[in-house]
Amino acid sequence: MTGTPSPNNTIAGGTVTLEIARGDSGGGKTRFEIPVLSAHARVLDALNWIREHEDPTLGFRYACRVGMCGSCAIVVNGKEALACQMTIGEIEDTTIRVEPLRGLPVQHDLIVDMRPFFAGLARAEAALRPRDPGRRDLSVMPPASNERTTIEAQNGCITCGACTSAIADEALDENAVGPAALNRLLMLVLEERDSAGNARLAGIAAEVQTLSTDAIARAESVCPANIPLASTLEQLKSLIADHDRGG
Amino acid sequence: MQSLSCDILIVGGGGAALFAAIHARDAAPDLDIVVASKGLFGKSGCTRMVQGGYNVVLHPEDSFDKHYDDTLRGGSLINNQELAWTLVTQAPERVFEMENSFGCTFDRNADGTIHQRALAGQSFDRTIHRGDLTGIEIISRLSEQVLVRDIEMLNEVRGIELLFDSSGKTVVGALLLDQHSGDLVAVESSAVLLATGGAAPLYRITPASLEKSGDGLAMAYRAGAEFVDMEMMQFHPTGLIVDGSLLNGTVLEEGLRGAGGHLLNADHERYMERYDPEKMERSTRDRVSRSGMMEIRAGRGTASQGVYLDVRHLGKDFLLKSSPGMYERCLSVGTDMATDLIEVTPTAHFQMGGVRIESDCRTSLSGLFAAGEDAGGVHGANRLGGNGVAESMVFGAIAGESIARHAKETGRVAIDSERLSVACARFEGAGEITGTPFQLKNRLRALAWDDLGILRNAEGLARTATGLNTIEEELNALPMPRQRGGNPDLQERLDAENLLDVARLIGAAAILREESRGSHFREDFPDTDDRFLINFIQRRDPDGTLKSESRPVEFSRRALETLRGETLIPV
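Those protein sequence lines, which keep their order, are chains G and Z.
Be aware that the first sequence starts at 35, since it is given in our numbering, and climbs by one per residue.
Be aware that the second sequence starts at 2, since it is given in our numbering, and climbs by one per residue.
It should be emphasised that the hints constitute simulated quantities derived from the structure, not laboratory data.
Here are some, though not all, of the chain Z residues that point toward chain G, as calculated from beta-carbon distances under 7 Å:
no.	residue
1	40
2	49
3	100
4	101
5	113
6	145
7	146
8	243
9	335
10	434
11	487
Here are some chain G residues the structure puts well away from chain Z; computed CB gaps all over 10 Å:
no.	residue
12	53
13	111
14	279
Quick caveat: nothing in here was measured; it's all calculated off a predicted structure.
Yeah, the Cβ is synthetic: ideal placement off N, Cα and C, and Gly gets one too.
All chains, full assembly: derive it from the sequences and hints.
What follows is the structure, encoded as structure tokens:
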């Protein structure tokens, strides 16, 4: 969850202008005046207001509306954000420009096809390969252990795709799995319950070397779950180097 | 129209659906499995939003018997005793699987053993959790296990109607609608599992994922399946009030009351004194919600029609440690729970009623299976916190194995083309997009909130029935739009139609239960009455009428006498 700054309380009762990139709308309206009904109203509320009052065809995606599902990631004034978490009052401009996530095919207005993003996770096989699937009790895992604290620091991804969007301009190999998958792989490599271990590193060595520090910092800066993606990359680099040395 | 053939069709994209898909895949590696999710798989539905945790007997001093009795007492004794026993006894297996096979990590004590706490209505600390955002851990790990298996995932494709074979008696597929392309998709399958989630968004205030509209329930109803306990809808006592925002009604977890949070009315009185002086705020969800609503209706609520949750005395350090997600959520709407009162409202949370199932998730219709919130009977008249996600995992897994077995036995059967044509015909529209369905759905939700909700009476239920007829007429009068793809207006209309079917089931059962039990409260019959140790079974007859009948509760594992008395709430 993002630490949302206190909203500007003066905005409630006023209006804002939303400019929506609607690539496929066939000339549909793209500029809307929206009343701000609450000091805590989200960008999602503004989009919903448009749908209910002005244009019922406006395409945007959401589900949980509390920052847990990652369905509503979009680009707000040039930066990735969850529409349900970003308060209108925290946006300084009077015109809010809203676009779909970058680097993923647009399906309808603000809705992108997430399949290429999920395909990265699938290609990376970013899922536990259990060491002991038949086990009928629970591992003793002291939370303060090195292993757990390192893994926990990386946990909490909601697969919203913001990181992928933030590095859409990078010239990455078409088989790149993306920051979310890299992060999950790091967790799995460190995970004692996983049987694949360091073998997971071989397939991503090239991507880890190619991904620039700037790019990963950009991805980290938009992550709504505050996952330290720069640290993900550093740790993977170091693990790969150790592995190459036969460590 | 597109056509698709597979062995197993799962409609739904939350925890029950994904668990079923994994278990079906592992049980039957040769079968073709298709999952159709209304939203993005693993992102729509409510498993992801689970906060409190998962009830499971792990501690040597706890026992299945204790968990079982808590569950039956919590359900005011009308649970299906076989289903509840299945829940309790299978819950540990699924936790072992989630941790050891899927890589979920639930919170540990400092020594590395599993941490368990108690939510309301439990006689032992048996809820495992991951902070106050347990669902993200569960659904993330389930989703990735689905991703690395050979399971065909249709995203943003919703269920429309169940389809039958030529006998008209066996479910052999479903008609789906691709919300982006607008294509109708006829899926032929050996069997169908409904795991779409319940219809809490029927109510104006709800924490549920708003794309949920009881689609599975409505499809099963129109197909003639039997329902049970449909009058039972759980309201959570502490939904966050955020006026003018979609965030309104999202839940602040029960752990805050469990840890000693107080509930105050607008006059700052701890009003639970009046309703449950012994257990106060730690009383069960049904009682606490009802008490809050009574305060509000009596004019002792806040200007926003709420009450206050006060956790200031618990201290900032404790709150940040025990409920960081809730702390953050409140802060994001301008409330610091360490220094401010939190304005809350009861909020429509969970549907106990649903399609009647056997312990293997079969329904009354051959070829149709149900799991999770689509199924009824496990929780009786009230669900304990922590038993909901356990139900989805336990019965999701069972459904996956059952449907795989069924599919291997029966093979694929052709869909009756005449019925398919009828189901498709109504979508051949030439109308314009009007925006009216949004208004109709909002009216429906307001109607249900006022008279079909926490406080019910004969007059209000009659008013609801009339109101539903009016809304139905207006819905039916809307021409079907020419544009099917990329049209939220059409989705809203289909949602409203499904919610309306569910509302009728709830209303018809609620009028018959002339007593108060669990989450069902009749102002005109405020007492619990032993004559109503029955379940209402409902179905739609082929001529379109809704039939309701009562069946006595089968006390197959616990005699009534042994269950009297109150559940202890640990302090």
